[in-house]
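K.L.:
Chain by chain, the residues run as shown.
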Amino acid sequence: MSTPALEVTGLEFAYPDGTQVLRGTEFHIHPGERVALLGANGAGKTTLVLHLNGILRPQAGTVTVAGLPLDQHNLAEIRRRVGIVFQDPDDQLFMPTVYRDVAFGPANFGIGQPELDQRVGTALAAVGMEGVTPRAPHHLSLGERRRVAIATVLACRADILVLDEPSSNLDPAARRELADLLEGLDITLLMVSHDLPYALRLCPRTLILSEGRIVADGPTEELLGNQALLAANRLELPYRFSSSSIQSQ
Amino acid sequence: MSATHTHAFLSHQNSALHRLAPQVKLVACIWFVLAVVATRREALAFLAIDAMLVGITALAGGLSLGFLARRLTLGLPFILFAFLLPFLGGGPQIEVGGMTISEPGLWAAWNIVAKATLGLGVVVVMAATTPPPDVLAGLERLRFPHFATATAGFMLRYLDLIVDDFRRIRIAMASRGYRGRWFGSAFALASSAGTVFIRCYERGERVHQAMVARGYVGNMPIPAHPSPSRQQLMTACGLPTLATGLAALSWLIK
Amino acid sequence: MHIPDGFINGITSLGAGAGALGALNACLRRLPRIDPLVPLTGLAGAFIFAFQMLNFPVAAGTSGHLVGAALAAILLGPARAVVTLSLVTLLQALVLADGGISALGLNVLNLGVVAPLAGGATYQVVVYSFPRRRASVASAAVVAGLVSVLAAAMALVAEYALGGNHAVPVRTVLTAMVGAHVVVGLAEGLITSAVVATVLRVRPDLVRGARGLAPVTQTGGRPTWGITVAGVLGAAVLLALLLPRSSADPDAFTSVATDQGLVTTAPAADSPVAERNASRKASTSSTIVAGVLGTMLVFGAGTGLFTALRRVGNR
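Residue numbers (the numbering used here), protein chains in the order written: chain A, 48 to 296; chain B, 11 to 264; chain C, 3 to 317.
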């Protein structure tokens, strides 16, 4: 068994005001896997994501990235390896130009010129956004900003891409373009989403988080075909999709 | 809602002026303004030449004189004040067009009108040919404190978003009958400003999380800027040098 | 209030710039070297920048802009407010062509240093002079807003006195500036108070100026009445001290007009000149009295406003 790309054991976390969010979350992901993380609002998905690169620290439990335990000493390296793309690209793109946003990560991790230019170029090309380097982020459409946001972590040569609701608010064409892009990336993927068809398309494996615990872990088709499981976790397939039609595919 | 925007002036072209390195433009602009301000106000001919120089620079930047003239209306409030000066001023009085006005007041008014307009003109030309992020890059290159340029970078980046936030709240308010006619209705706007402030702060926290996620440990990376060529430097320094010469001459030739 | 080129001479501008830089440096040193400083200050700065662009309705469809210096001082603390307002003023000059380049030192000093520090200091004095509750915040904010605007106006007058060309006498400029800005300052104070009250209701931890103050008690009215009474008494005392000066005097314009010879009354010997001087002094002190009365009104308005807002909030 190879070393898991990401291993989370017994994570417990409560916010300073006392709200207990994570109650012993546990799962692992192997290199190259594409996993969807589903759950209702308030289940703790975003809180869990913030634990994966040490922005939040658990009261109990561990996070290990490719064998490297998450602690003060390994923080920088872990942040390089785990590329988190937050839900609002405007939070992610905070520099005056696209170039500086994509260069921000690698520059922090010690990459200098001329490699920095190369990384920026490669990352933007990987998301189909070549040529926008001098533009200001607010001149781009939402779909374009989402893609540039992904480029900002690709430029760091991240091993795992963690996406928080990547398809939300995108129009159908942009949604499909993003899915095409993600399919083409050769990277380990953890995708937090409400968008069940998106999860079905992109991720063969699915985890369901409920009240701070992983309550289901299995093939996406199987989980989405389980009507009772979905209902118990406030998840629903879109109109005219049915569990039986997913099962039969 | 005010129409002022960070890129209200920016004219999206690719003239020689647009391509000029921002730190060079900044220095040239500031130098030119200082030269104009130093010019003796009574030297009308020299100030006229300065105005022509600004006009030529505007044309070099691909800007029409009409564009320049429209942007110059910004200076109106103080110009109006300047027009009052001949009537409020003391000292020797002179006859102009049937009115008796103060002579020092008239010259003071001219000083403001001429120099403010010229100063405004050259800054407009610079703003029209330099995207705001480049202005900051220019400041960085000029060894401006890094904390200041980094913070200013965030200010420029998020200004449009926040202005947009206000705009959307205003639309929502108008949809519920808000008129905005008298001072009392300003309080609704003030409340919305409080909400926007909270959102700004929370966004600041999320931005910080995103920065930390990409390895930020307290130091913003300083990008490398290309140095301007000799030719660029010579071109840029041409105008302010001329203006300085004119300023000096204006005091020598009385 | 952004000064253009050609209004104040270069030396004054340089001096102002040096002063501004010194103050900025001092404020930067006071800021904690914490990680989130740059993005949080940047976003706060963007907010103030946007706030200055807002059109606040004044009357009959006209609108005006506010400075937000007192607001920044109360929400962010004086040091951050100085850094923020100074950067906003700088960006306005370079990117929006608002304010002359040669007057940058003056504008940064007036709007970026004097206004927030005056507003912040006033706020601290008022809020700590009265019961340490959040109810004091609203009244303090109103006064802070008024003082911040007046202080910036006074700074401009001082700069004019030092480096303007004095075609118009300093006294006239002083009277005009103070007179005009009392009204503007009142508006700024009231709006500032409303914004702070909103933030205080939802995220009191974000109002730096309210740290260490007890939350509003359920027995609402009494603390605020205490403040109003004290404020009125204090202003009345000030009034009593200043009143003996004024008399049946000509107003500011008439005295200026006579002085400038626009009204053909021959300048007379000592006593009328002395009387004119005295009346000019009185007209300046009348302005001060107007300011004090305004402050009193504002105090009462502020506490009344806070009480009203609280009642609305409790529904």
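Careful: at least some of the hints might be erroneous.
[Claimed, not checked] Where chain A lies over chain B, by a calculated footprint (3+ residues, C-beta under 8 angstroms): (1) 127-133; (2) 136-146; (3) 219-229.
[To be verified] Computed Cβ-Cβ distance ranges for the label pairs, DEER-style: (4) A:P251 with C:D207: 40 to 48 angstroms; (5) A:R70 with C:A123: 36 to 44 angstroms; (6) C:Q126 with A:T169: 51 to 59 angstroms; (7) C:H168 with A:L189: 52 to 60 angstroms.
Hints listed in this document are in silico derivations from the structure and should not be mistaken for laboratory results.
Glycine residues also receive a C-beta, built at the ideal position from the N, C-alpha and C atoms.
K.L.:
For every hint, state whether the structure bears it out.
P.N.:
To see whether the hints hold, each was checked on the structure:
1. 127-133: As far as the region 127-133 of chain B goes, the hint is violated, because 0 residues have Cβ atoms under 8 angstroms from chain A.
2. 136-146: holds (count 4)
3. 219-229: holds (count 9)
4. A:P251 with C:D207: 40 to 48 angstroms: For C:D207 against A:P251, whose Cβ atoms are near 44 angstroms apart, the range 40 to 48 angstroms holds.
5. A:R70 with C:A123: 36 to 44 angstroms: For C:A123 against A:R70, whose Cβ atoms are near 50 angstroms apart, the range 36 to 44 angstroms is violated.
6. C:Q126 with A:T169: 51 to 59 angstroms: For A:T169 against C:Q126, whose Cβ atoms are near 54 angstroms apart, the range 51 to 59 angstroms holds.
7. C:H168 with A:L189: 52 to 60 angstroms: Taking Cβ atoms as reference, C:H168 and A:L189 lie about 57 angstroms apart, which means the hint holds.
Hint check: violations occur at hints 1 and 5; the rest are consistent with the structure.
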